[in-house]
Amino acid sequence: MTRTKWIGLFLGIAGFLLPLLLSFPGLTTAGHIAMGIFLLAAVFWMFEVIPIYSTSLLVIFLQVTLLSREGFLSHGSDYSPAPYTDFISTLADPIIILFLGGFVLADAAVKYNFDKNMTRILLRPFGSDPKYIILGLMSVTAILSAFMSNTATTAMMITVLIPILARTDINDPARIGMALSIPFAANIGGVATPIGTPPNAVVIAALNQQGLNVEFGSWMVYAAPLAIIMLLFAWYLLLKLHPPAASKIELDMKGSWMKSKKAITLYVVFAVTVLLWITETLHGIRSAIVALLPVVVLTLTSTFEKEDIRKLPWEVLWLIAGGISLGLSMQQTGLADWVVDGISWEAMPYLVLISVFALVALVLSNFLSNTVTASLMIPLGISLATSGVVGGPASVMMIGLVIALSTSFAMVLPISTPPNAIAVSTGVVKTKDMIVSGSIIGITAIILVIIMTAFYWPFLL
Amino acid sequence: MKPEIVILVVEDEPEVLDAIVRDINEFEDFFDVEMADTAEEAEEIINGLPDREQQIGLILCDHVLPGKNGVDLLIEMQENELTRNTRKVLITGQAGLDETVKAVNKADLKHYIAKPWDPNELSDITRKLLTDYVIDHIKNPLPYMQILDAERLADHMRQHGTITDS
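Those protein sequences? They're chains R and A, same order as listed. Heads up: the first sequence begins at 1 in our numbering, then just goes up one per residue. Heads up: the second sequence begins at 1 in our numbering, then just goes up one per residue.
The set of hints was computed from the structure by calculation and includes no laboratory data. On a predicted model such as this, the values are computed, not experimentally measured, just so you know. Any given hint could be a false lead.
Stated by the list, open to error - Take a look, some chain R residues computed to stay more than 12 Å from chain A by CB distance:
#1 6
#2 110
#3 162
#4 350
What the hints assert, rightly or not - DSBU-like, lysine-lysine: derived pairs with alpha carbons at most 35 Å apart:
#5 106(A) <-> 311(R)
#6 262(R) <-> 128(A)
#7 254(R) <-> 106(A)
#8 115(A) <-> 248(R)
#9 430(R) <-> 139(A)
#10 2(A) <-> 139(A)
#11 115(A) <-> 311(R)
#12 430(R) <-> 128(A)
C-beta atoms are modelled at their ideal positions from N, C-alpha and C, and glycine is treated no differently.
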């Protein structure tokens, strides 16, 4: 173990024990335990003492053993413990099932080369002017990453980019622009749909617990405009900072559509699922239910087999589940309300409050996993909105959107998101270049989010 | 940090050894290039691996050496748990057909380079075989994207979900 991990281990355990040794007035005993679990999780997630998905499972384990009805502690009259099934069922929360469907669809797309062939077709109209090639790369990346994992999309697009780079002069600034455009577009595309990126899942699950159902299409109406504006802005910025020298770069993408029965099954299932998702408002079938369609059809036709199921990124689902579960006990034990009550929010105008949340989310998630950032912030955000300080279901929804969207625009450093790490690893992009454009994009996005809070979302909610 | 992967070059003639190392010097920032002039010296390096927390990704080996010959060394490596996965290349002017066939069948020889070699060919083969090695045996391929075949490494990540969203 490295030094940092030892420090994290020590601080985590200290954080867990601290609330048990102290007594905070107005907070239940269960609330003290929930605070211990929260501090332990926060420190373990920040220092990555153990893998972040393990911390998530540890959260669920501690909640089941210490805070559930079937657990080892008997609680006083101020807390009626939830059944342990409440905590473990976060592993099969509707949003987890939605992501499972998305993962199956995405991995099957990779298996049958659907992602690469789509890229080939979609890039064609953008021609051979480097300016428009960059726009093309960004649009395709964003569209795919709205439905697939940001990281998988980036890895795929890098395989497309390398041959293009090989045909570009080694001193052409366009190389840097192109290499940055892909991770940025992948991060931006992730905000557009509920399944685009894991922080969306944590936030939507928390909103569901408040009785707010977020439809797939409505999320897109809230978030996709931001993604589109930011995509165009990032394109403009990269062209300004790294203006292409060449006037023409030939794209020569080879490939062909697989035509086996299984591949065609995948194409049809992909199209039908996405169509049903985005039209949820019209037919009313919940997106998590639609998500079972690819899981069922692709496995029963052996399009997606046992080996493929084993390869799914299960740890991402565990990570999300832990985040959902953490929020659960913070609400139930009254901890989140207690924290919110302890701060005099009245002194702060509503928009300042929103801005603080957006900024904290942005800064934190530049250093932490985006999902972790959302998991740590959403319980406080929700309490704040429900405690009457800001008031109304619309504000619960808005604070959720602010947290989810702000975490996704953290792209300053290679460690900020896995797509950034992949782009820097190619050696084409220097960290310095990423810091400059990543910071400008992050701050612009935050400003836009605040503007949307004031002038866009209130009219939809 | 000490590179995780070693490239082992075994050659008894100093000028030839220098030439090989020169032709693969672009890999030096990312890999440890270790030199041995006999099979016995190579064995010492191999036996020291567990202590060094390193693994040999690639061996470029001459055949005619004083003492034990190159093909026998490669076969021995194939039978050793520590070096079974090492990609094995013979660089030689003097291995006969029988010896070469033996190396292919018993040591899983990946490539045969005849002396004198083309420097570009040597560098290409090194890149290809190290890429294979990283794909098969290294958990995090990102540190090698710059120097190895980035397109293949990225495609491996795409197909196997080596790195996931967080």
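Outcome of the hint check:
1. 6: Correct as stated: the minimum Cβ-Cβ distance to chain A is 19 Å, above 12 Å.
2. 110: violated (6 Å)
3. 162: violated (4 Å)
4. 350: holds (31 Å)
5. 106(A) <-> 311(R): Between residue 106(A) and residue 311(R) the Cα gap is close to 33 Å, so the pair holds against 35 Å.
6. 262(R) <-> 128(A): Between residue 262(R) and residue 128(A) the Cα gap is close to 32 Å, so the pair holds against 35 Å.
7. 254(R) <-> 106(A): The hint is violated at about 38 Å.
8. 115(A) <-> 248(R): Given pair residue 115(A), residue 248(R) is violated - Cα atoms ~42 Å apart, limit 35 Å.
9. 430(R) <-> 139(A): holds (24 Å)
10. 2(A) <-> 139(A): holds (17 Å)
11. 115(A) <-> 311(R): Violated: residue 115(A) and residue 311(R) sit about 44 Å apart, past 35 Å.
12. 430(R) <-> 128(A): holds (25 Å)
Going through the hint list in order, the structure does not satisfy hints 2, 3, 7, 8 and 11.
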